[in-house]
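Enquirer: Below, each chain spelled out in residue letters.
There are 2 protein chains.
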Amino acid sequence: MRDVAVIGVGMQKWGELWEQSTRDIFVESALLAMDDAGVDKLDAMYVGCMAPGLFAGQEHLGSVLADYLGQANIPGTRVESACASGGLAFRMAFMDVASGMNDIVLAGGIEKMTDISGGEATYALATAADMEWEGVSGVTFPGLYAMMAVAHMDKYGTTREQLASVAVKNHRNGMMNPRAQYQSEITVEGVINSVKVADPLNILDCSPITDGAAAVVIVPADRVKEFKKPGVKVIGTGHATDTIALHAREDLTTLAAVNASANRAYKMAGKEPKDIDFAEVHDCFTIAEIIVSESIGFFERGKGGPAVEAGETALEGRRPINPSGGLKSKGHPVGATGIAQIVEITEQLRGEAGKRQLKNARVGLAQNMGGSGGSSVVHILEAM
Amino acid sequence: MRDVAVIGVGMQKWGELWEQSTRDIFVESALLAMDDAGVDKLDAMYVGCMAPGLFAGQEHLGSVLADYLGQANIPGTRVESACASGGLAFRMAFMDVASGMNDIVLAGGIEKMTDISGGEATYALATAADMEWEGVSGVTFPGLYAMMAVAHMDKYGTTREQLASVAVKNHRNGMMNPRAQYQSEITVEGVINSVKVADPLNILDCSPITDGAAAVVIVPADRVKEFKKPGVKVIGTGHATDTIALHAREDLTTLAAVNASANRAYKMAGKEPKDIDFAEVHDCFTIAEIIVSESIGFFERGKGGPAVEAGETALEGRRPINPSGGLKSKGHPVGATGIAQIVEITEQLRGEAGKRQLKNARVGLAQNMGGSGGSSVVHILEAM
Chain A
-5 MRDVAVIGVG MQKWGELWEQ STRDIFVESA LLAMDDAGVD KLDAMYVGCM
45 APGLFAGQEH LGSVLADYLG QANIPGTRVE SACASGGLAF RMAFMDVASG
95 MNDIVLAGGI EKMTDISGGE ATYALATAAD MEWEGVSGVT FPGLYAMMAV
145 AHMDKYGTTR EQLASVAVKN HRNGMMNPRA QYQSEITVEG VINSVKVADP
195 LNILDCSPIT DGAAAVVIVP ADRVKEFKKP GVKVIGTGHA TDTIALHARE
245 DLTTLAAVNA SANRAYKMAG KEPKDIDFAE VHDCFTIAEI IVSESIGFFE
295 RGKGGPAVEA GETALEGRRP INPSGGLKSK GHPVGATGIA QIVEITEQLR
345 GEAGKRQLKN ARVGLAQNMG GSGGSSVVHI LEAM
Chain B
-5 MRDVAVIGVG MQKWGELWEQ STRDIFVESA LLAMDDAGVD KLDAMYVGCM
45 APGLFAGQEH LGSVLADYLG QANIPGTRVE SACASGGLAF RMAFMDVASG
95 MNDIVLAGGI EKMTDISGGE ATYALATAAD MEWEGVSGVT FPGLYAMMAV
145 AHMDKYGTTR EQLASVAVKN HRNGMMNPRA QYQSEITVEG VINSVKVADP
195 LNILDCSPIT DGAAAVVIVP ADRVKEFKKP GVKVIGTGHA TDTIALHARE
245 DLTTLAAVNA SANRAYKMAG KEPKDIDFAE VHDCFTIAEI IVSESIGFFE
295 RGKGGPAVEA GETALEGRRP INPSGGLKSK GHPVGATGIA QIVEITEQLR
345 GEAGKRQLKN ARVGLAQNMG GSGGSSVVHI LEAM
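Those protein sequences? They're chains A and B, same order as listed.
Residue 344 in the numbering used here is what sits at position 350 of the first sequence, and the numbering runs on without skipping anything.
Residue -1 in the numbering used here is what sits at position 5 of the second sequence, and the numbering runs on without skipping anything.
What the hints contain is simulated information worked out from the structure, not anything from laboratory work.
One or more of the hints may lead you astray.
One copy or two, it doesn't matter: identical chains are merged, so the pair holds either way.
Said to hold, decoys possible - Straight-line Cα separation of at most 20 Å, EDC-like style, residue types lysine to aspartate or glutamate; simulated pairs:
hint, residue 1, residue 2
1, K261, D97
2, K268, E114
3, K222, E376
4, K353, E294
5, K297, D271
6, K261, D37
7, K190, D109
8, K349, D109
9, K353, D269
10, K223, E376
11, K223, E346
Start from the sequences, fold in the hints, and give me the full structure.
Expert: Pasting the structure below:
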């Protein structure tokens, strides 16, 4: 396999983008990435998108988006793994370049979520759960993650305040990210007193409904010098599935797919958790960040809650997590999230992260989750 | 890149499978393929499926299907390119093995289309067209292909009888395929007198709504001897997009994405059209097979109609096309179609095609189309 590097990233400000359709949003971010890389012609393109049929009445995005990006004729592939669709698009693009098939490949993610009602959006998202078992009983994602939160609190003594600390920390980071949907400070007390969604999770424990896209351009690592910016090398990729329904799992306090995908990426990269300077992880709900921080080996099992409360995962902490603001503050257009993680890691490793720039960041990890952990994709990137 | 070979294929009888859900149908075909290969553990899995959210209320099939196949933990990836989703899943699986990432990889396709009404199914399929331009004006796929048929008839003198000859030939082949949805003979007169759908296309010019799945197992070519059956080598892959909306194309009588994808596959395989012994192509409508037979270089432009009428594409003809019965007779569960083409080619190259076995078949080509040609995927396979 050939070595692969990121040479361009792009992402517009996320939010409720009423004036733009799926294709407009995608093209805006893709052109930013191509401009950042200094390329105007692609060899191939991968798009992560969860449910454009349900959200926007349009499938066949590989063709639609290649066409509207002015690249009709190239191979355009859409991949889906629920909210891990973006991470998976990046993995497929990596495989394409690594195999020697193509050289200049764009990996993008997109979701336009606000053109349908909140109820319809909740249904669309629920199709990432097991609809024959979980869906028919009426449970949706806040309920599934609430069950995981209750189990984690029961087994390890994780507290309500520790859950809230995840959201507070991510909003603090997001205030320094000009592309984040919510650039506002929140407090532990505010999270605990916000509207109940599914006990113990309140509205401020949940990532929002968002319109947005993100894109990156990758090339063979030995061609990096031909482009405008410093390259960032992709040194590990890992992907795993788990039983899709929670009732089939032995343990609700860990995420087997996250653990397996991280271990595969660590093995490929020749790294251990201690070698990773920071991570972007899938904080769709506050409990998710805590469990993921344990499942990727940043903290021992049961120690994720105390770690975030003690500031260890803050920008200035020992183990920074979600410097971008995470899904909670930056927003969560589901198909785009995994690519936005790669955008953040690339900018941090290039030293372009502005006010939220980490010191001495050399190696970053991205973890992108599908559903309640039915799938997970992990990538490890290193400054060149 | 490593050489890659097919070592197992599986497919159940297609039709209206009322007793089975998406996951049941997929698992049945996948287990047949794994049994054919003699493997019980996969390294990774790819699934082509067009619109499971709209057809069956279930996304995240990479996880659902890996789980129900007893393979939870492996990387499970769903890809979509409308009706070319199956061919694209095969291409991604090929890239995975060719890159050296994984060894024993399953590529499957699935669509469960009959759990919703005919009107809802027509809408779901229409999301493969340009919904912002074509969809809003009320046109669906029979209408789009009818426009292509009218243009082809006008420019080249293609006749109503020639269109009908495609359906008649494919039903004749399908009568010898025990897994085909419609195993019945039809006549040119019967096609011409069948119910009008979108002038000049009648109901017997159109492929049906079908439930079904298909699966194949691929491995590095140098490991073929470890498995039960002879391997079939994948010697070329090509993928291309085109403008998704018909109004943006310069010429409605050819399919640019089909032409580009075929040329890429020919180049990689080191073959020309004359070197191909037979093809499985995307006859979603009779006109599609005629245009595709020209766009892949089997016949000169405008000669596809006379060729089918003269029997050149029949089983015993000079250029056999769709020995399986094609989409018309075998059925068209959209995500599964591209994989079923690989199943047919593999069985023909192994000499396992029963009554429809071609003589001296050494090299076969599969062409799988998305929408009205917004995407196309071509593979070339050779007996080992």
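Enquirer: Looking back at the numbered hints, which does the structure fail to meet, lowest number first?
Expert: 2, 4, 7, 8
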